[in-house]
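Chemist: This is what each chain is made of:
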Amino acid sequence: MDFVNTFRLALLALARNKLRSALTMLGIIIGVGAVIATVSIGQGAEYLVQQGIQSMGTNAVFIAAGSNRPGGLRMGSWAIKTLTMDDVQAILREVPMIREAAPAVMGRAQVVYQNQNWSTSILGTTPNYFEIRSWPAQSGVAFSQEEVDLAENVCVLGTTVANFLFANENPVGKIIRIGTLPFRVDGVLESKGQSVMGDDQDDRIFAPYTTVQKKIAGITWIQFINASAVSPEASQAAVQPITALLRERHRIHPGEDDDFFVRTQSEVADLAGQTSRVMTLLLGSVASVSLLVGGIGIMNIMLVSVTERTREIGVRMAVGATEQDVQSQFLIEAVTLSMVGGSIGIMVGLVGSSVINKFLAWPTLISPKAMLIAAMFSVAVGIFFGFYPARKAAQLDPIEALRYE
Amino acid sequence: MEQNTAAVIRLESVHKTYHLGEVQVHALRGVTLQIRSGEFVAIMGASGSGKSTLMNILGCLDRPTKGHYWLDDADISHMSKNELARIRNRKLGFVFQQFNLLSRTSALENVELPTIYAGIPPAERHKRAREALERVGLGDRAEHHPSQLSGGQQQRVAIARALVNHPQIVLADEPTGNLDSRTSVEIMDILQRLNEEEGLTVVIVTHEPDIARYAMRAIEFRDGKIRRDQEIEERQIAREVLPTLPSLEDADAEEAEEESKVAPGESPAKAPA
Ligand SMILES: Nc1ncnc2c1ncn2[C@@H]1O[C@H](COP(=O)(O)OP(=O)(O)OP(=O)(O)O)[C@@H](O)[C@H]1O
Ligand SMILES: [Mg+2]
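First to last, the protein sequences are chains A and B.
Residue numbers for the first sequence, in our numbering: 116 to 520.
Residue numbers for the second sequence, in our numbering: 6 to 278.
It should be emphasised that the hints constitute simulated quantities derived from the structure, not laboratory data.
Just so it is clear, the structure is predicted and the values come from calculations on it, not from any experiment.
Don't be surprised by glycine CBs; every beta carbon is placed ideally from N, CA and C.
Keep in mind that the hints are not guaranteed to be accurate.
[Claimed, not checked] Among chain B residues calculated to face chain A with C-beta under 8 Å, some are:
{"hint": "1", "residue": "LYS86"}
{"hint": "2", "residue": "PHE99"}
{"hint": "3", "residue": "ASN105"}
{"hint": "4", "residue": "LEU107"}
{"hint": "5", "residue": "ILE121"}
Modelling step: build the complete structure from the supplied sequences, incorporating the hints.
Modeler: Structure, rendered in structure tokens:
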């Protein structure tokens, strides 16, 4: 018995009981729809995280003052005074895997331009910072090394700050006040979006680290080093020599904890990727429970159908249907139910995910892979839950089936 | 054992025993029987005497508990279920007392059913089904559903279904059991014509001696055994009897009309391409 014909028969049989078929499919529709929608939310989050990681730069290595020993005594990086610009230079000099390194000194600042007032953070660094983080200026230029050496009052704005202070004006060349000091705006950076931590990286002002150290924070040390390795492998390989170098420079005795920690971009990526994948998986598996419930609905209705059509099965057997013929007929009916339900479910999921995106402003990402998996899953549900009823139909005794009232 | 190549059906001390818990029901107790190709046999007997049990075995729906059954010189006692299904499909045609047509399926599609399992391509299937319907005089009712047909017409559709794969034998268990006397004779007419004109072997079960007289040979059962097996004297020919019966043709047609009006939702389906 050919497949096309069996499929046609299955559709006819389902069309005979439209309401019942529709209700049966509802379970699968909701299940597949929920899987598609929730996975799209999870993948949207994953995408954001990946974007954040990419925004770190290329082959980035990140060094922060402070201890990162889990469970150990943890001191805030602000309290640690051992990381300095000399460390930056030492790393550049002695660790060959590192191509570039830039310091970072953080401070908070109240920024004023005319009658606009904005509270934001200020990051003191050197010009190569923008190169390490692949973060070009959209207008103007970054400050120069001379301006760093002379600790001049110049700055570069993130887009959020620029947009707030200068609604329609071009900020380049304008003078703003940071705290009590006047600063010249040299440039505005391109937008970078959210960081892995989810904060707005564009809500920040960049200035020479010397200026921030002396005139804003009043310190001589730095809090972070942003470095960039020569290759992805080198970034991982650089961790050990950097650690050794800094321990020596900070005179940390063997057995004592580091007063800094080193992270590579790939470590952060792995960690963040893992977290968001777990989230996607969790959401997806919660949703797939409803797919399971849908499958049980199919099994239930197929069992009813087999009982109702006992005599039909008897007739089919009497005129020459083999067990396999009967079995595949009912199996294909179950799979048709779940497949049609699955297709509608995919559409429902797509609509649902775009509704979530629009009205809840959650990032969603539809992946064809998730759609394919959901479709295959619904077929599998049909086969799995259709198998038992189909088997039952095939095992009927033709004589008894023919006599069934 | 006597060899007779013309015998399409040979039973050799066939027993059939049903087990109902502790109780054993001996439905057949040693039936030996030969039916030659082209015969028209009526099986008679009281209720519970084993007629249907015999028909189920002849129809390869069931296997004997003991004994042998040769169909076309092939011993079916040891065949697999799939082989039996194939034999039912190719060599046998069934007609039931309750017609057993699939509801909400057109007459044509009902008739097509055996051809599907024979793996015949769709175009050929439609052609054969139409031919079979024409042979039973229902060429114009192909698109009707069973609920839009009279009992006699439904039984004719069932006969067409039994014929569609060109079987050697048609087995009918009380084919006229649910029909009035004139319609019964019409059905017997069709069976007699098929038997005469195409050499089809026909075996029917009937309670009515009047119906049995349309056969060539009557076998009477009692308690699972053959009690009598004899030629019919003064065989009736349905073609000759029909004109003497009051015509119900018009009433029949009206009845069918009525039924199709009663169920307006059941409009005839479009012909499959
Ligand atoms: N599946 C079964 N299980 C148990 N006993 C059965 C079964 N089928 C038939 N029998 C018994 O076998 C015997 C013969 O039954 P069968 O149906 O062959 O009679 P029959 O001659 O066709 O009767 P009727 O004229 O009423 O149709 C009966 O006693 C019946 O109760
Ligand atoms: Mg019977």
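Chemist: Give a verdict on every hint.
Modeler: Verification of the supplied hints:
1. LYS86: 6 Å, holds
2. PHE99: 5 Å, holds
3. ASN105: 5 Å, holds
4. LEU107: Holds: closest Cβ of chain A sits about 6 Å from LEU107/B, inside 8 Å.
5. ILE121: Holds, because the Cβ-Cβ distance from ILE121/B to chain A comes to roughly 6 Å (cut-off 8 Å).
Of the hints listed earlier, there is not a single one the structure fails to meet.
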